Amino acid sequence: MSRVLPAEGDLRRVIGDGDAIPDREVEGLGADELLQLYRNLVLLRTYDERSVVYHRQGRIGTYAIFWNHEAMQAGSVFALDDRDWIFPAYRESAIGLLRGMPVSTVLSWWRGHPAGWWNPKDYNLASICVPIATQIPHAVGFAWGSRLNREDTVALTLFGDGATSEGAFHEGATFAGVMKAPVILLCNNNQWAISTPLSKQTAAPTLADKAIGYGIPGVRVDGCDVLAVYEATRDAVLRARAGDGPTFIEAVSYRAAPHATADDPSLYIDPQRVEEQRENECIGRFERYLKRLGVLGDEQAAAVKAEALELMRAGISAAEAEPPADPSLVFEHAYADPPPPLLADRDELLRILGDA
Amino acid sequence: MSRVLPAEGDLRRVIGDGDAIPDREVEGLGADELLQLYRNLVLLRTYDERSVVYHRQGRIGTYAIFWNHEAMQAGSVFALDDRDWIFPAYRESAIGLLRGMPVSTVLSWWRGHPAGWWNPKDYNLASICVPIATQIPHAVGFAWGSRLNREDTVALTLFGDGATSEGAFHEGATFAGVMKAPVILLCNNNQWAISTPLSKQTAAPTLADKAIGYGIPGVRVDGCDVLAVYEATRDAVLRARAGDGPTFIEAVSYRAAPHATADDPSLYIDPQRVEEQRENECIGRFERYLKRLGVLGDEQAAAVKAEALELMRAGISAAEAEPPADPSLVFEHAYADPPPPLLADRDELLRILGDA
Amino acid sequence: MPELLLVEAVNDALHVEMQRDESVMILGEDVGTLGGVFRATAGLQERFGAHRCVDTPLAEAGIVGTAVGLCMAGWRPVCEMQYDAFSYPALDQLINHVGRYRWRTRGRMSFPLTIRMPYGGGVRAPELHDDSPETYYVHTPGVKVAIPSTPADAKGLLAAAIRDPDPVVVLEPKLHYRTTKEDVPEGEHVVPLGKARIAREGSDLTMVCYGAMVHVSLAAAETLADEVSCEVLDLRSLKPLDEDALLASVAKTGRVVVVQEAPRVCGFAAEVAAVLAEKAIFDLHGPVVRVTGYDVPYPYWQIEDAYMPSVVRVVDAVRRVLAA
Amino acid sequence: MPELLLVEAVNDALHVEMQRDESVMILGEDVGTLGGVFRATAGLQERFGAHRCVDTPLAEAGIVGTAVGLCMAGWRPVCEMQYDAFSYPALDQLINHVGRYRWRTRGRMSFPLTIRMPYGGGVRAPELHDDSPETYYVHTPGVKVAIPSTPADAKGLLAAAIRDPDPVVVLEPKLHYRTTKEDVPEGEHVVPLGKARIAREGSDLTMVCYGAMVHVSLAAAETLADEVSCEVLDLRSLKPLDEDALLASVAKTGRVVVVQEAPRVCGFAAEVAAVLAEKAIFDLHGPVVRVTGYDVPYPYWQIEDAYMPSVVRVVDAVRRVLAA
Ligand SMILES: Cc1ncc(C[n+]2csc(CCOP(=O)(O)OP(=O)(O)O)c2C)c(N)n1
Ligand SMILES: Cc1ncc(C[n+]2csc(CCOP(=O)(O)OP(=O)(O)O)c2C)c(N)n1
Ligand SMILES: [Mg+2]
Ligand SMILES: [Mg+2]
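Chains as they are written, first to last, in numbering that gives the first Met the number 0: chain A, 0 to 355; chain B, 0 to 355; chain C, 0 to 323; chain D, 0 to 323.
With the rest of the complex left out, here is chain A (with noise of 0.2 Å):
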């Protein structure tokens, strides 16, 4: 087995300024995946944007809000087969959407009602992982057991910055190194967990550089590169399925907009940097360089982004077209083979509301 050397420090970038930096091109991206990258960035995007208006309507409930990090989302994900398994933080939480996930699926999760909560097998997505952090043990798990049945299967993970300060990164990045588990650890780093600055959630000089401690590569991307992504994710993916185990990555973005809707981040955060940020988002980005490419014009960007709206207009009505919820659901689900006190305890109720 070759050492494993200290994570790279430097970002890798494949999109340009259009000015001092070149753009590069990604082998095997023609315009066709190109095209198809911007559609699910702007499907991302709209949705995030839909969202915050939805909550501020009061349609949906707190909501953590995604943007300018639809890159690393998309362009994670783009670099996996469809067989391949995501494990999401909420902040991720309409990452499905790549997937094929309605839109009113995941409006619903955020809308606190039963029709959010789907089988991951139907999308190979495990559930949105609230608590921080500890959907890393799972996908590595899952990415492990893949490897003992003989499938090669890679598991994505994504998680944030702070996230690496959690007892459950750190277990679950241990077994990935010593388990050769086929996953990959996407850590978006925006430099911000709620309030708490990367300068006070690690004294670490680059959050790759933790890789090392589990023998695991680590690599910088630019977060907010959709191809840097990408690039990344594939060779991570590569190394996976021919069983060379796990890889990191740290997405290094920023935190644009409030960590949630009920979040107010003009207490901490400086707006100066946040202005720069969103200036420069992940989107506009990419469009500047397939517009230098070439491969996108004016006419078909507004197309892009009428069809995800109107997929967001659908999605919401179809979400609040959901029949109310059964007050039953409360008992389900939770034991295949429910303690029987349970079933009194659904009767009892049921005569209760009954009787109100």
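Calculated directly from the structure, the hints in this document are not laboratory data. Treat each hint with caution, since some may be false.
[Said to hold, decoys possible] Taking beta-carbon pairs under 8 Å as the criterion, some of the chain A residues facing chain B (in silico):
1. 167
2. 173
3. 202
4. 209
5. 211
6. 214
[What the hints assert, rightly or not] With a Cα cut of at most 25 Å, we get these calculated DSS-like pairs of lysine-lysine:
7. A:120 <-> A:179
8. B:290 <-> B:304
9. D:251 <-> D:278
10. B:120 <-> B:179
11. C:180 <-> C:251
12. C:194 <-> C:278
13. D:251 <-> C:278
14. C:278 <-> D:278
15. D:278 <-> C:251
Note that this is a predicted model, so its numbers are computed, not measured. Where is the CB? At the ideal position from N, CA and C, for every residue including glycine.
With chain A's structure known, arrange chains B, C and D with the ligands on it following the hints.
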């Protein structure tokens, strides 16, 4: 702040092999200090060897052997001032002897007698920690707290190679880095966690490589070279006192004895390797070094051993002379201000035991 | 006396106690610059400095674990867990160290740390923002547990917890952080642990409850006012439990309903029922009925009201006890 | 039928179930080459390979967390926690995921994992090798709990746990790993969860117990044989609880002592008492007395016998119930 570098790959050494590898000397350690260090080593060794015998004789319970790890305990503690605190694992159960703790106290702990539970403030020594790695955050919190108190007290915590897989290690180390806690994380890499070899514990190239993930300098020393451990710890203490924060020291040794008296390593270990280690064990190495230096003679060595044995004889007698523990101690010390039912419980139990 | 919301009363207690005792410090995720996601720690970092109100890494076991060490260095840490269900990573430190360390030193060192957190449901939140974890805490030896239901008690019990020489977990009903303002004594205000409060006097039946369930019980008692005279006993602290108050009330009424938001099996209502089954068996004129959360995961919020013990469920339980 | 020690019966169950079902795998610290520190997994790695009996890193949350993922990949993991008190780092995964994930998929994925561990005191061990943590497990929604007291049940309940579609925690009384041999059915042997066992028939008083406390209760019943006829009910599984058996026995005897090794507050004895106070109140002729561990850290082993519920304590409790 200077950039934290990846950990050193090579093991630091001071003691040579009397042949190809030359001896070095450590600044500031004269003959008196070297002899004191020798006495400390022999005290620990004698304690350990006698404890195994006492266990066989049924005079103490299960016992965790630390044979060949004396160098790392004595070497690191020698670099501390008495005001500095030590946070040991169960493997360092007798480390208090280096702080003047009576032998009978440690033996009482292994006898399950309350006389074995001391006041940490009497020796600046935390209690023996049984759950792996969980003392690490305590040491970090203590060190951080001392720094907040504007004291220049340092904390040293010892733990094993297996401990580095636990979330508690990770979270403790993360806090240490961020809070710049004056703490020394001394990992006894004896290459086994009971029957689990290091290769199944982590895929990291070295344990010291984990340090960079916490923004902590990591060094590797020969853990059976008492002077190398001393020197590395002394450097770390200086850093800590100067406000430069924590250091991670990987002290590489080998477990040349069973994990504990209940363990049968023949089921998993390579006996050849153990034999080699036993021949080259840490105290013999130091003894030969001292003899090469002309600091120690055979007679003096014998006297040191005799003194240690005498201490042990007195210690076990004292431990065995402890009056039987009072059952009502069950109810003591859990709370400063116990909930009333506990007092009723005590009275009831005493009544029943009186009746019986 | 100023009128304060429950969360403001928490904040007030922290101000007063940090002012009073220089060794009190706050640690937690987002407690500093932001002042906490519920703003319970707002203003503390500005007033007392970043070293006494510390934004920590995102690591709950690290927070509670370092707090143990901070105690050994003479500090009196108050740890915030951001939400109930995010306190579980710290259970290991809590059970194996926080509750045991004093004993381990044979009483010669104190571990006066406080862990406080918002708890409970009804707030239309995503998964795992709704747990009532008191059983995990109260079952743990060496640890005390308090749960206020009113702003004044939120201040007074938290102050008592901070001053207590033993570790105390304080669960704050987040549903009521901002529901009603109430007079809260200014300055130092301590509500001793282990003293229950009769929230409503009555003679026919005792509702035993704590935290958010006090409000449900009071509403149920009011609904039933024409039918039956219910006493509402707000336990305030689960450990130590005010057994005297509990037994006195039941001796008077002879009938009991216990209301708890947590899942039923081994919830604190079981403990209350067990105390009564042992110490008040001959006072009881009917079954001790528990109205609790169910032994299933806390549900999607659109149907959370069906899960939470509600006024109708408590009323129904009372009628069943009376009919028995 | 071969005579086996309790730990041998556990080992036998693992052999049979791994043979029967290729998706069963074992993970834990030292379970492979060594065969476990109690040798409960001895021979499995040799027989079924290192990929089905895996020595893991020293990380309990990692063990249970990866087991969740292994379930998703179609495996049926059996996780060993080396000792009771070392299972606490995994509580977070257990509470927030193991018990909730099936629900989260709306029943469309199964998480049939088993967590087994030695539990309980009386073995003259260093600190934290003696806990009885069943409350933490049984209070957790979505999780079932079984605790055998005999070799045959140790085999049968573990087999049932492994085959169960839901997550099950099995606590094995380490004190009795090697105390007595007993006939254990060869080959497949399943003791269904949720069926209690009358360990001794009696007519005047019911002792409710499980695990190591069954032996204490039986000895106490024998001691009292001339005085009073005690029925000893071995619950075997705490969730699901065999309420029918419990209520039937108490309907017959009218008097109850519940014996539990864990600390008292919110222990499972409280749950038993609460069920009785609700469902059998008019059958009870006296107080329900709990004989339990105390609400303090498990003590230094030289005085552990004073902490553990003992025959004299159970006898005393029975006499108190009879005298009431
Ligand atoms: C175990 C746990 N602790 C605390 C929280 C509350 N919380 C939700 S998001 C968040 C910050 C996460 O930061 P990061 O990992 O960087 O991800 P990001 O939100 O930036 O995507 C916190 C503390 C939680 N969900 N889980
Ligand atoms: C949390 C926890 N899990 C498991 C154990 C059981 N156990 C005791 S020692 C040990 C191995 C420790 O290995 P290492 O950290 O390398 O230290 P060493 O024993 O080699 O000094 C284990 C698993 C424990 N004490 N605590
Ligand atoms: Mg972040
Ligand atoms: Mg080791």
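Hints versus structure:
no., hint, in the structure
1, 167, "7 Å, holds"
2, 173, "5 Å, holds"
3, 202, "3 Å, holds"
4, 209, "4 Å, holds"
5, 211, "5 Å, holds"
6, 214, "3 Å, holds"
7, A:120 <-> A:179, "23 Å, holds"
8, B:290 <-> B:304, "16 Å, holds"
9, D:251 <-> D:278, "14 Å, holds"
10, B:120 <-> B:179, "23 Å, holds"
11, C:180 <-> C:251, "32 Å, violated"
12, C:194 <-> C:278, "18 Å, holds"
13, D:251 <-> C:278, "22 Å, holds"
14, C:278 <-> D:278, "18 Å, holds"
15, D:278 <-> C:251, "22 Å, holds"
Checked against the numbered hints above, the structure violates only hint 11.
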